[in-house]
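Chains A and B are the protein sequences, given in the same order. UniProt numbering applies: residue 1 is where the first sequence begins, and numbers increase by one. UniProt numbering applies: residue 1 is where the second sequence begins, and numbers increase by one.
Hints were generated in silico from the structure; no laboratory data involved. Because the structure is a prediction, the values reported are computed rather than measured. Treat the hints loosely; a few may be bogus.
[Unchecked claim] Okay, derived cross-link-like pairs now, BS3-like style, lysine-lysine, Cα gap no bigger than 30 Å in a straight line:
1) B:Lys54 - A:Lys115
2) B:Lys153 - A:Lys84
3) B:Lys54 - A:Lys173
4) A:Lys24 - A:Lys147
5) A:Lys84 - A:Lys24
6) A:Lys24 - A:Lys115
7) A:Lys158 - A:Lys24
8) A:Lys115 - A:Lys137
9) B:Lys312 - B:Lys217
10) A:Lys158 - A:Lys147
11) A:Lys45 - A:Lys137
12) A:Lys147 - A:Lys84
13) A:Lys84 - A:Lys115
14) A:Lys137 - A:Lys173
15) B:Lys153 - A:Lys137
16) A:Lys45 - A:Lys84
17) A:Lys45 - A:Lys115
18) A:Lys137 - A:Lys84
19) A:Lys24 - B:Lys54
20) A:Lys45 - A:Lys173
21) A:Lys158 - A:Lys137
22) B:Lys217 - A:Lys158
23) A:Lys115 - B:Lys217
24) A:Lys45 - B:Lys54
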Amino acid sequence: MARMKFLCDADRCIECNACVTACKNEHDVPWGINRRRVVTINDGKPGERSVSMACMHCTDAPCAAVCPVDCFYTTADAVVLHSKDLCIGCGYCFYACPFGAPQYPRVGNFGSRGKMDKCTFCAAGPEEDSTEIEYAKYGANRLAEGKLPLCAEMCSTKSLLAGDGEIIAAIYKERVTQRGYGSGAWGWQTAYRETINV
Amino acid sequence: MPDNWLGRATPQAIAAFMTLTLLVAAPVYAQAPSGSNPTAQAVSERQLLDELQKIEGRVTLPNTAAGLLEQPQGRDYRTFHEGWLPWIGGIAILGILLLLALFYFYRGRIRTLAPESSVRILRFGALERLTHWMTATAFIILAITGLNFIFGKRLLMPLIGADAFSTWSIWAKYAHDFVAWAFMLGILVMLVTWAWDNLPDRHDAHWLRVGGGFFDKTNRTHPPAGRFNTGQKLIFWAVVLGGIAMSISGIFMLFPFAFADINGMQTAQYIHATVGIILIAVLIAHIYIGTLGMEGAYEAMGSGTVDMNWAKEHHSLWVEGQEAKGTIQPRSAAEAAE
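Next comes chain A alone, as it looks inside the complex (with noise of 0.2 Å):
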């Protein structure tokens, strides 16, 4: 089984947040929710970058780690999926996630939230893949259908790539070779605890 990852080659990304529609159309996704964010550092001044974050889908994942009801689990390609059902929506995986993935619906009194959503690296949830009920809770199941993300698919400059991690780093190292520079595989450290090295 491969090991899905994504990568957002920051120096091809223009910030034209098709990543963000596309997933929000594909799966559905509730107002206010958003399962995919483009961040522009150093905005307007030389040396701008944009990047495009979701789910890193993080190997011993720590939002998984702090859950206080074990709603957590990771599939056969290392996909860091949960459980909608068990969900309390305590907001500890937010805290915990180094990437701002989990998002919450407001719901209630005080800053009550509903179930955790988040990027499923389109591979949706627990429910019977490819089902109403599982696009309902989690959104499109692409895995299933032996696609990958769309986020990345739509991607206009190829600048995101999601998939298993050996071939898109190796896609990655081919791009910064042949260009002669790249400025990394921005979260893989934090993700993965390890990075490309070229």
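Chain A is already provided as a structure; the job is to place chain B on it using the hints.
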């Protein structure tokens, strides 16, 4: 035809102009620095993390907090929450239970020396008892539902299964969020009603020196104490100051990100969990000495009245003060009335 002439002449003119421009511009291109690195000024992830500890930028979403791209402190939060906290909690709670068991084994129940008199005096009024029991009930609910966040998945979930445990935990979360307000109110009322009687006085040093008489198996050591002895004062200030710390850090969490950023929220949890564990340990000891540990202690907060002889033994200065004020009959008069 002028139109036709223009149509024929224009492309030629444009071509000529473009050729000229290229000829003029060519040397400019040749002078541009070659082999420059377009990423020379690019931001580097490693450098940003080294210098700022986290990476922030701008997003086009209404939720500007989403501009926080990376906060590796989440890993520290995890280390605290899963590495330290269960150990702190386990050691504190099992530790205090062990100490109390050892104490009970050594000292047994602390008895009142003198037999019961026929005189009972008022120790806690209705408002004081109401406040105490409201806060106590709230605290026990908060403690159980709070501990559920640490130990639930380790102890309870294997017994009742993931689904039942999730349902219980949702209700526990709501109980924790709502009952918290009763606790906060109780802490404030306690502070106002009892702070004066809990200020340190000149008898505290002596009380501490003789250990409050706790370790005298002959039960003859009863250091003089006012309305509250030093041990009770320590409990009071632990509850009030700890309760205020719990309230403030708790309000931070009830309104996430209203008063703090992500690192502030993490710190609020560190404080809330650690102080909460300490308070639970302190109050287990308080519950022990107020019920099983000492004869006559429970009545004070239960019925509000205590036996005169118990009061004389445990709070001699308070009894003298009450007698002087005329709130209760002087000792001799009470004895005469018997």
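### Query
Which of the stated hints cannot be reconciled with the structure, identified by number in ascending sequence?
Of the numbered hints, 11, 14, 16, 17, 22 and 23 do not hold.
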